[in-house]
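S.K.: Listed below are the residues making up each chain.
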Amino acid sequence: MRALSIKLWRDLWLQKGQAAAIAAVIGAGVMILVLGATSLAAVRDSQQRFYQDYHFADVFVDLKRAPDHVAERLRAITGVQQVEARVQAPVRLEVEGFDDPVRGLLVSIPDGRQPLVNRLHLREGSLPEPGRADQVLLNEPFAEAHGLRAGDRLKAIINGRLETLSVSGIALSPEFIYQVGPADILPDYERFGVLWMNRRALARAYDMDGAFNHVGLTLQAGAQPQAVIGAVDAALARYGGIGAHDRDDQTSHFFVTENQQRMGVLATVLPVIFLGVAAFLINVLMGRIIRTQRQQIAVLKAFGYGNAEVAGHYLAYAGLIALLGSAFGIALGAWAAGWLAGIYAEYFRFPTWQFRLEPRVLALGIGVAAGAALIGAWRAVARALAEQPAEAMRPPMPESFRRGWLERSHLDRLIDQPTRIILRNLGRHRFKASMSALGIGLSCGLVLLGSYQFGSVNHMMDIQYGKVLLMDVHASFTDPTPARAVAELNALPGVVLVEAYRAVPVRLRVGSREHRTSLRGLEPTPRLNQLLDAAYRPQTLPDDGLAMTRWLAEDLGLRPGDLVEIEVMEGHRRVLDVPLVQLVDEPFGAGAYMERRALNRLLREGPAISGVWLLTDRALEAELFDRLWEHPRVASIGLIAQAEQNIRDYLNETFLGFMGILLLLAATVAFAVVYNNARIAFAERERELASLRVLGYTRAEVAWILIGEMVVLVALAIPIGWLVGTGLAWAANRAMASEMFRLPFVLSPGIYAFSALAVIVAAAASVWLIGRRLNRLDMVSALKTE
Amino acid sequence: MASEATTGRAVFEATGLTKVYHMGEVAIHALRGVDLELHAGELVVMLGASGSGKSTLLNIMGGLDVATEGRLRYRDQELSGASESALTRFRREHVGFVFQFYNLIPSLTARENVAIATDIASNPMRPAEALDLVGLGERMDHFPSQLSGGEQQRVAIARAIAKRPMVLMCDEPTGALDSETGIRVLEVIEHINRELDTTTAIITHNEVIGQMADRVIRLSDGKVSDIQVNEHRRAPSELAW
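Line by line, the protein sequences give chains E and R. The letter at position 767 of the first sequence is residue 872 when you use this note's numbering, and the numbering goes up by one with no holes. The letter at position 227 of the second sequence is residue 751 when you use this note's numbering, and the numbering goes up by one with no holes.
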């Protein structure tokens, strides 16, 4: 090995503590990058493969009922490739040994064969035999949740009749990668399942012989989805079509895609932050190495080493740290990606997971780390190159110090020499000191960013389930139902309070922006589903006009007073302009609201309702559910407490798991930054400190010079960190806001205290580690010339 | 031998060399027009007080620094006005340096410190051979911190001569050593000069060392004030201070 390479390794070994700390920060950035990119690629590839191989539809539409020949008309629309018309219906299921209400969606498939679009991936068993009315395929997660296998049985109340169904097989569908019940945002595999049944049998059970109520279409390459959607809507308007939509509004696709977006944000923003900190640390470390090696650089130059070799030597030093960090990050990222894939596999059901560590991602990880190292090292290396070999042979001039304001003031008499040294050092190296404070501040900010989410998530859940959704049970009806049903339901056992709502699918349009959602008509002062204002106080709905979630209004670019075009996708399918009159602050979803009677008027109907929210007496719930299910109009029953639990589980598993990792990494960075700082301060002062020891200063007095400087820097850094962290948290909060949920931007004093504490602990640990070196300070050798 | 050396081919020819440093607002005239020739194989000692310009002259002749004005030729090569990379090449191929404070790289052993120079030379000795020449064959694998001052300086000399340079520039090579150790170091330098026929320039403020030179060049106030030719070089072992 060449002598210069040997020097490289020995130097690296000498600085192993600092190098390792920096490598850990680089590792953190690379880990998140690899984790994010790998998971993203895995979801994207698995999704694309599933979509392609199983002919996932491009356009979807629900309708009331259309005769089969109408499907032929759809097939003739320009741009349409395949059409699969089917029957689907909500169903109530009973699984032996499971008492809670179980909802299902029964979906038809052509007798004895796979559908043309949204084909099924059979996990076990087979398609129902042609002509059999009692066989169904189960969606895999539902089957797993209840331990159902091919050949097992379950019961279903199909159009009022209790039927026993036999499981012919277990399947997955590109339509239900993310399988959630209607109006849910998270899967509950025990309480909601998808079942596929022969078309003829299902049609007969629901009086849909020779007709269909759902269509999936695939498009030819290059076809315009919007044009096709328009044509489909026109063709199905008279059959009760509620408006075709593309994949963006398909529930499963929406969630899978939104998750990818969120992961994409994390996988970009966080590595930038970490690698930025790493570049900063490398800059500080390389600056110091090159300062202390001035003489060595001069020798190399004197012996004829060129600029390229000298630069190469020091860049290689930074490069090795980057390489070490990225190796560490890649290993950790691959491990974490495996862990995350396990969690994803629970929520996203693909036939196969295309999970692999792509060379592209590895190259990106190493490349980005090396880039950060290069940026960090460049300034210091440039300084090494600027050294004239002859100039560098002379020892550096004593730094020039000036009397500052402190010395001129009366305070001066109060401070001792060591404190004076601290203050002069900080004052002399203002740039370096502010960079150090900034570095420590950054790490403090990262800790704040990592920890604030925990409080916010809880706060969000408390708002949603403590202030917005106050009902115990949600029951939706198959069809709009006269409002007098409320009295009927009120009389059921265990019902404490009933509140009815009307919901209708709409398209909201403002200029070129459009959003599909459900417009809900509520009581003027809803008690069980409250509409909060910005201060989270319940609001009363105005008699007329539209209220909507603030997120949705911002998404559509609306302010109160603006007109919104509402296209009702049901009944008379009216299109009218309604002013936005109120904004609603709610953390989940993107809803639009009106006073219920106003909505009825808008729909030109009598006092109809779509479902009810119930406040119940828990003791009588079982009996209540039985009675509810007997109600001919009830399509589904949902338990709010269960939904809350599902969401909390989901957030704990995925979101907070990720944030936990981030917090751990932030703590690593905090320690790395503070330790590096202290270590460099020590190395630069070693001779000065030894001199003071020689002059008779005690260890404690000498230690104070280091500790005091650290105290000043940390004291400066904490407010910077709070500021930076608040900014980062705000930016992350904005970047992560999605239709699914928005975290409230709440920063409690506890979060600030915690982030400051993290830095103080890191500083104390660093001081302790360096204190051991201080004890070994060699007074004689430290004073030797060279 | 002395007469041969003084009449030998000129290796360095300096004419009117001037060097001005700017330290803040003050201009320091380190050299004020130096005319000088160094000849192939000769050993010269440059004497002068601190600030006389001797180090500056050595640095410029060694290609570590450039003159503000004047001309400097090394054999057929013009060094005045040479580019940074040309100077680097010149140092790499022709010059060996010995410094007052040795300037060994602390993280490398004696052998590796020599290898720093041989790694980039075209026809070097083996590091072990160079260390044998300075009498340190036994201590090759010691780190600088495990060697005495004299030993460190001998490693530095081995490092300087291992590439078989045409020129050896020594800046106060004994300045940090006691007289006994200093004389051993001078013996090594003298030995190299004789064995390898390396043109050698030693800077010192110790008059006694002048006695081992072919010529003694005195500098004061940035100028050559006197050149003294020794009829006979004395062996370092005969010197004492």
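Because the hints were derived from the structure by calculation, they are not lab data. C-beta atoms are modelled at their ideal positions from N, C-alpha and C, and glycine is treated no differently. Take the hints with a grain of salt, since some may be wrong.
Claimed, not checked - Some chain R residues well away from chain E (every beta-carbon gap over 10 Å; in silico):
#1 Glu608
#2 Asp643
#3 Glu731
#4 Asn754
Stated by the list, open to error - Partner residues are not named here, just some residues of chain E that face chain R (Cβ under 7 Å, in silico):
#5 Arg115
#6 Asp116
#7 Val404
#8 Ala407
#9 Gly409
S.K.: Does each hint fit the structure? Answer for all of them.
M.R.: Results of checking the hints against the structure:
1. Glu608: Glutamate 608 (chain R) is in fact no farther than 10 Å from some Cβ atom of chain E, at 7 Å.
2. Asp643: The claim breaks: aspartate 643 (chain R) does not keep its Cβ more than 10 Å from every Cβ of chain E (closest is about 5 Å).
3. Glu731: At roughly 24 Å from the nearest Cβ of chain E, glutamate 731 (chain R) sits farther out than 10 Å, so the non-interface label holds.
4. Asn754: holds (29 Å)
5. Arg115: holds (4 Å)
6. Asp116: holds (6 Å)
7. Val404: Nearest chain R Cβ about 5 Å off; hint holds.
8. Ala407: Status holds, d = 5 Å.
9. Gly409: Status holds, d = 2 Å.
Violated hints, listed in ascending order, are 1 and 2; each of the other numbered hints is respected by the structure.
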